[in-house]
Amino acid sequence: MKIRTPSLRKQTGASIPTIRLNSSTKDSLEALLREVRACKICSASLPMDPRPVLQCHGSARILIVGQAPGRKVHESGIPFQDASGERLRSWLGVTSEIFYDERRVAILPMGFCFPGTGVSGDLPPRPECAPAWRNKLLKHLKSVQLTLVIGQFAHDYHLPNAGSTVTEVVQSWRMHLPSVIPLPHPSPRNNRWLARNPWFEAELLPVLRKRVALSLSDA
Numbered sequence: 324m325k326i327r328t329p330s331l332r333k334q335t336g337a338s339i340p341t342i343r344l345n346s347s348t349k350d351s352l353e354a355l356l357r358e359v360r361a362c363k364i365c366s367a368s369l370p371m372d373p374r375p376v377l378q379c380h381g382s383a384r385i386l387i388v389g390q391a392p393g394r395k396v397h398e399s400g401i402p403f404q405d406a407s408g409e410r411l412r413s414w415l416g417v418t419s420e421i422f423y424d425e426r427r428v429a430i431l432p433m434g435f436c437f438p439g440t441g442v443s444g445d446l447p448p449r450p451e452c453a454p455a456w457r458n459k460l461l462k463h464l465k466s467v468q469l470t471l472v473i474g475q476f477a478h479d480y481h482l483p484n485a486g487s488t489v490t491e492v493v494q495s496w497r498m499h500l501p502s503v504i505p506l507p508h509p510s511p512r513n514n515r516w517l518a519r520n521p522w523f524e525a526e527l528l529p530v531l532r533k534r535v536a537l538s539l540s541d542a
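What the sequence shown shows, in this note's numbering, is residues 324 to 542, in sequence order.
Don't read these hints as lab results, they were simulated from the structure.
Just to be clear, a hint being listed does not mean it is correct.
Stated by the list, open to error - Straight-line Cα separation of at most 27 Å, DSSO-like style, residue types lysine-lysine; simulated pairs:
{"#": "1", "residue 1": "Lys462", "residue 2": "Lys363"}
{"#": "2", "residue 1": "Lys533", "residue 2": "Lys465"}
{"#": "3", "residue 1": "Lys459", "residue 2": "Lys363"}
{"#": "4", "residue 1": "Lys363", "residue 2": "Lys395"}
This one's a predicted model, so the numbers in the text were calculated from it and none came from an experiment.
All chains, full assembly: derive it from the sequences and hints.
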């Protein structure tokens, strides 16, 4: 199944700025990444200075679509360098060396900067980010064999018709094979969800690990 890239569902009433790339750099991923990492379009709404966190290379075989960096990842500048990342790497059956090899694995969260903390956890990804950068970056990922769509906000963007809850979307995983697999967020906050849905580890994870290994086999 080919992953869909519709517009981000409106989460706030904020206006979405238009980002115009210099004509001389439109076709260069390296130049695009420099612009992304210098981005400040939502700086007024962030609790800290912008620090876009992503991992991207044109030869990547796996694309991981997360939500937004947490505070710990913001401080390190390394995606999934936290408890969520440890669990995610365990789910995938890969080492840190493979996970952080940008020529094998691309990591593009729905929001590139830490959005701040709310009452029950981190705030949603900033709504300005995906419309500004997402499709521009995805156009350069022509070697991706497997896309992992993680958490509610990534589900809403990439799989908008797969279900109305995280559980419904993840339960539909067989419908999206072989190129897309929806996942719950690997955060420790989801321990209760994992306990209530034992089919995830029993049925989905073995297939996930096989698809990951196959996608990386000739990388």
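Against the structure, the hints come out as follows:
| no. | hint | in the structure |
| --- | --- | --- |
| 1 | Lys462 to Lys363 | 22 Å, holds |
| 2 | Lys533 to Lys465 | 21 Å, holds |
| 3 | Lys459 to Lys363 | 17 Å, holds |
| 4 | Lys363 to Lys395 | 20 Å, holds |
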